[in-house]
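S.K.: Given next are the chains, with one letter for each unit.
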Amino acid sequence: MSGTAALETRGLHKNFGALQVARGIDFRLERGARCALIGPNGAGKTSFVNLLTGALRPSAGSVLLHGEEVTRLSQSERARRGIARTFQINQLFRGLTVLDNVCLAVGERTGACNNLWRAAGARRETADEAVALLEALRLQEDALRPVSELAYGRQRLVEIAIALGQRPKVLLLDEPAAGVPSAESHIILDVIESLPQDIAVLIIEHDMDVVFRFARSITVLVAGAVLMQGTPQEVAADERVRTLYLGEQAHG
Amino acid sequence: MARSERASGAAAAEFLLKRHTLRPAEALPWLIGIGAYFAFPDYMALGTQILIGVMFALSLDLVLGYAGIVTLGHAAFFGTGAYAAALLAARLGWSEPLSGLAFAGVCAALAGFVSGWVLLRYRGLTLLMLTLATAIMLYELGNARADITGGYDGVTGITIKPLFGRFDYDLYGHTYYLYALAVLFVLFVVARRIVYSPFGQALVGIRENLRRMEAIGSPVHRRLVAIYTIAAAMAGVAGGLYAQSNAFVTLSALGFERSASVLVMLILGGTGRLYGAFLGAAIYMLLEDSLAKLSPEFWEFGVGLVLVLTVLFARGGLLGLLERAARRARGLWR
Amino acid sequence: MSLEHILSIGAGILLDGLAYGMVLFIVSVGLSVTMGLMGFANLAHGAFAMAGGYVTVSMMSALGVPFELALVCAFVLVGAASVPFERLLYARLYRAGELDQVLLTIGLVFMTIAAFTYAYGPAPQAIRVPRYLSGSVDFGFRTFAAYRLFMVLVGALMMGALWYGFERTSLGARIRAAVDNRRMAQSIGIDVDRLFTLTFALGSGLAALGGGLAVNLTGLTPTFAIQYLVFFLIVVAVGGAGSIKGTVLAALVLGVTDNAGKYLFPAGGAFFIYAATIALLLAKPAGLYGKE
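Protein chains in written order, with this note's numbering: chain G, 8 to 259; chain B, 1032 to 1365; chain U, 151 to 442.
There may be inaccurate statements among the hints.
What the hints assert, rightly or not - Calculated cross-link-like contacts (lysine to any residue; reagent style SDA-like; alpha-carbon spacing at most 25 Å):
#  : chain 1 : residue 1 : chain 2 : residue 2
1  : B       : Lys1324   : U       : Pro274
2  : B       : Lys1324   : B       : Leu1336
3  : U       : Lys434    : G       : Ser189
4  : U       : Lys441    : G       : Met215
5  : U       : Lys434    : B       : Phe1216
6  : U       : Lys441    : U       : Leu430
7  : B       : Lys1324   : U       : Leu430
8  : U       : Lys441    : U       : Gln336
9  : U       : Lys434    : B       : Arg1242
10 : U       : Lys434    : B       : Lys1324
Since the hints were derived computationally from the structure, they do not count as laboratory data.
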């Protein structure tokens, strides 16, 4: 637990009028972490991710990326510094091909998209890197199909591919397997498990099997505040968590 | 990985790399343009105005068709360019045509950059209103400073020196037609390069899913301001040519009717396809020339009706319909 | 210029401005509510106002209907006529982007303008308002045009009626709920589609009423639909879509400012309105009372 965290928040507050979605959240995500964020519905998990990425500005507190203060930076500025996320509901470029979707992420990262004179096709690097990424996720057969034609589970993979195209140091996955038929969800979970070890990953999840399979640390969020943070065993054993959250599952 | 899997990945990359190559059909508009010069020598004045319309619609396609910026005030840049070229020739006595066009383009680009920087932080209805209000404000400013703009009567007395000092302007507009065709060619080459570049792809990404683009680190505002400025410059060049070829400009160059008609032209032809500007502008202006004189009411009614039908049934415009037909024909062929 | 003189001119500008503002309010309120409710950019709203003007004039000249009744007829007829448009055309584009909505409604405006030009000709329509409204009323320090006073009165009554309708009736409550949060309103059983058709019809009817009132103030030609469209849009954008309070404020301020601008700077006084609109929208993109 020493050294600079990959991602950190200090005293993060956010309220919409009287509604408090984040109350003084102190959070650390270490390099190479595999952390899960759990909590009941309405706990503010997605809002927290939005605060981390910059889609939401906090009312108070700060966000640090690799020890650098990024609270004032916009979403795209933070993304350029190494934060990537997936959305709970797919946010893809639906009319474009799978390959184009990933090329955009790669192109923006490498600065290729600043070029308005040379044809996109004149530079191989972007396309080659995108194809390699698709191959790693077994999506290359659909490379030229419009994303809208794919099955939902495969679309979800494209969502992850786009995030990976950014070569992030911090990856935030918002319910990656949500809405995916169970027959296809194992592919997504395999992909998550085989993510490079140097990326810090935070995953929002409801499915406890996924959480315990994947996470090395768990943060429990309730009503905008951190209830506890610890190893899966610690969290599973904690009384407050059992009654508040896991307890609901135990009683059906 | 199986050989077939690797092959499809490589094939996909190859397709991507070839996407920008010229297709034979792309020579068609230029062949028609040059052919018209020989086939319809009495209609060169109309032809020049059509070419100007294509330029204007092309600039709007970059902004609206590719970047997805909905604007009801694009004529502001056309008018700025027109007045810049007109005043340069009529009031300052500088009548060299090409530098006049360049001046028009620069003035319009400046207007585009300033207004774009401020306005393009907004979206949706707010942006629509802002672009409309900006264009109308410019119009009213022109009205107020009639000492500069000539107000209702406009700027007259524009004389232009022969092109390159050699090609003089005949009464039938032949020189102007070829001059406009050449300018359109240059502008088109620029537009085509932009559209097939990674920057152009980023614009499409912004249009398709703004949230996603921000999340992957795209500097959205910068990109939008860049294309807005370039498109403004193009519209300004079109306006400059309009001033030079007509030898006079009135406030109608800035008006809402002009913004609305270029929008109709582009929608009619098909947005986001570059060639939609050619098709839409040409057809619209040819029809307007013949029908609007017969009965202005029927023409206006027809334009409205076509607009409604296009939005409901043929969202991709004429080019979209042609594409659909071609796909079906190809399906039947097999 | 004596103080008395300045006050007198000021009062004249104020009344004229308020009268104009009232017309803007009556026409725009329907647009504001429908935009707040469905997020639909209806650029054809000015066409409904224009239709109301023509209906009013026609009923009076062709059928001898008295002015007040003609206004009511305009409200009812145009309101009813707007329903098929909403059901058959507008409803198809509720999920579409604002470009499609703008294009559809601009197309409808062109068709409407062309149709009315064909039917009535391009010349301004003459209207003969009843005797009691066509003179001036003497207030001692100056006289005021009776019609202007009438407009302010009608506007104030309309404001009261709308306030009552929105705040005190169950229909108003349902509309407010749906404007605030459409999905939530649907989940508690409000039939938002039917609500919208009703609101649309009322809004178009009001626009027609405003159009009828406007004939004697601004004149009526077939280009009315586009000419004044910008002002209706500005009122809604600046006031905030879906807010009656915002529409009132924006309409009255716009009416007075535009009038004052044109009086004090006859050439290009309109410039100030657009500059003010832009400045306001930059500061508050959702309008003064709009949802953020």
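S.K.: Are there hints from earlier that the structure breaks, and if so, what are their numbers?
M.R.: 3, 4, 5, 7 and 10
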